[in-house]
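J.: Below are the chains, spelled out letter by letter.
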Amino acid sequence: MSEGNKKKYERPELTKVSLRPEEAVLGACKISGGRGAIGNDCNATQCRTLGS
Amino acid sequence: MSVCDRVVPTSTPIETLRLDLGGASWELRSFTDGLRIEVDGRTAEFVNRQCERPDAIIDISWGGEFWEPGPVLFDAGPWRAYPAGDGIQFDFFTHLLGPAAYRRAVFNADFTFGQILLNRRLLGNLGAYYPFEYPLDELASMHRLGRGAGVELHSCGVAIDHNSGFLFVGHSGAGKSTLGKNWVQHRQAPILSDDRVVVTKGDKGYRIHGTPWHGEAGLARNASVALKEVFLIQHGDRNQAIPMKPTQAATELFARSFVPWYRADALDFTLAFLQQLAAEIPVSTFHCLPDTSSVEYLERHHAH
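Protein sequence lines, in the order shown, are assigned to chains A and B.
Using the numbering used here, the first residue of the first sequence is number 1, and each one after it goes up by one.
Using the numbering used here, the first residue of the second sequence is number 1, and each one after it goes up by one.
Note that these hints are calculated values from the structure, not bench results.
We put the CB at the ideal spot given by N, CA and C, even for glycine.
Be aware that a few hints might be false.
Far from chain B by the CB rule (all over 12 Å, computed), these chain A residues [what the hints assert, rightly or not]:
{"id": "1", "residue": "K6"}
{"id": "2", "residue": "Y9"}
{"id": "3", "residue": "S18"}
Straight-line alpha carbon distances no greater than 25 Å define the calculated BS3-like cross-link-like pairs of lysine-lysine that follow [to be verified]:
{"id": "4", "chain 1": "B", "residue 1": "K204", "chain 2": "B", "residue 2": "K245"}
{"id": "5", "chain 1": "B", "residue 1": "K245", "chain 2": "A", "residue 2": "K7"}
{"id": "6", "chain 1": "A", "residue 1": "K8", "chain 2": "B", "residue 2": "K245"}
{"id": "7", "chain 1": "B", "residue 1": "K245", "chain 2": "A", "residue 2": "K16"}
{"id": "8", "chain 1": "B", "residue 1": "K201", "chain 2": "A", "residue 2": "K6"}
{"id": "9", "chain 1": "B", "residue 1": "K245", "chain 2": "B", "residue 2": "K201"}
Using C-beta positions, here's what the derived DEER-type ranges look like [stated by the list, open to error]:
{"id": "10", "chain 1": "B", "residue 1": "P282", "chain 2": "A", "residue 2": "T15", "range": "13 to 21 Å"}
{"id": "11", "chain 1": "B", "residue 1": "Q185", "chain 2": "A", "residue 2": "K6", "range": "48 to 56 Å"}
{"id": "12", "chain 1": "B", "residue 1": "G202", "chain 2": "A", "residue 2": "Y9", "range": "32 to 40 Å"}
{"id": "13", "chain 1": "A", "residue 1": "L14", "chain 2": "B", "residue 2": "L126", "range": "47 to 55 Å"}
{"id": "14", "chain 1": "B", "residue 1": "T112", "chain 2": "A", "residue 2": "Y9", "range": "43 to 51 Å"}
{"id": "15", "chain 1": "B", "residue 1": "H186", "chain 2": "A", "residue 2": "R20", "range": "26 to 34 Å"}
Put together the whole structure using the sequences plus the hints.
T.: Written out as structure tokens, the structure is:
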């Protein structure tokens, strides 16, 4: 590869990405479209997110 | 004897139901006498009436007393995961029914076969129930994808024509449902989902698939189109899309993916999949206004 075709050096960059565990972990409270669902128990004490 | 062999129905199913979930077809075979399968409202759209061979089969039976599970792999509160041979087991709980699991699901390693056991003592009088109800349907789909089938992203998928679509990826509150509603209002565009979209890669490239797990706008469609472009959305004071470097894009997409965090093989696959996707499909950050001008902007600059 000739000098002219060399790819310009780019310094490695460290970037932080925020993870949101309360969204990434499926809960019991995704918005329900049905009746009588047990898993969609949005009053559950474990429920932390609406998941949308 | 594997965990999956512990309960094996011997008769023919009383009822069967086929579903399309994230690019795969799942066949539910119910052996639960006295309990009809009744899909919930958001899943009805995803019932598949074709007769092709399913990708996964799930047998549903009554369970008596559930056997004591092994060590917990992951405790999410309403559900817990346990190792089960080469596969995985999920138990489901709700304070409405007390401390015992009301439902148990066991899957083989590649998620081609599973069994759902329903606690007869707790559910025996329901008459009708959807045994694959959320979050089990999404958990099963997510784990299957993590075995090499694709990735589920926190996103809104929009079909911009008959064959192709945009994917708008964002955390909660980023504006996915608003964007979806704007595309419907402005262009009557079909929305695959305003919250969860599955991406797969086949011979003809990447495709995005609708899922039943919609967001606040309640938009979900059993359809798939080729993936044309990906946008990481965020609120802005004007509409502007800025191309991202593939490495940065893959990292941001990973942070908005649904993966079994306790499965190293799924994490490896998902990272590699997103790296490849970001190298092959344009990914931009999209600063956008919460009105139909964002649709006009993308149509002007990106739809052709």
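J.: Taking the hints in turn, state whether each one holds.
T.: Now the hints, each set against the structure:
no.: 1; hint: K6; verdict: holds, 19 Å
no.: 2; hint: Y9; verdict: holds, 15 Å
no.: 3; hint: S18; verdict: violated, 7 Å
no.: 4; hint: K204/B to K245/B; verdict: holds, 24 Å
no.: 5; hint: K245/B to K7/A; verdict: holds, 15 Å
no.: 6; hint: K8/A to K245/B; verdict: holds, 15 Å
no.: 7; hint: K245/B to K16/A; verdict: holds, 15 Å
no.: 8; hint: K201/B to K6/A; verdict: violated, 33 Å
no.: 9; hint: K245/B to K201/B; verdict: holds, 21 Å
no.: 10; hint: P282/B to T15/A: 13 to 21 Å; verdict: holds, 20 Å
no.: 11; hint: Q185/B to K6/A: 48 to 56 Å; verdict: holds, 50 Å
no.: 12; hint: G202/B to Y9/A: 32 to 40 Å; verdict: holds, 37 Å
no.: 13; hint: L14/A to L126/B: 47 to 55 Å; verdict: holds, 53 Å
no.: 14; hint: T112/B to Y9/A: 43 to 51 Å; verdict: holds, 48 Å
no.: 15; hint: H186/B to R20/A: 26 to 34 Å; verdict: holds, 30 Å
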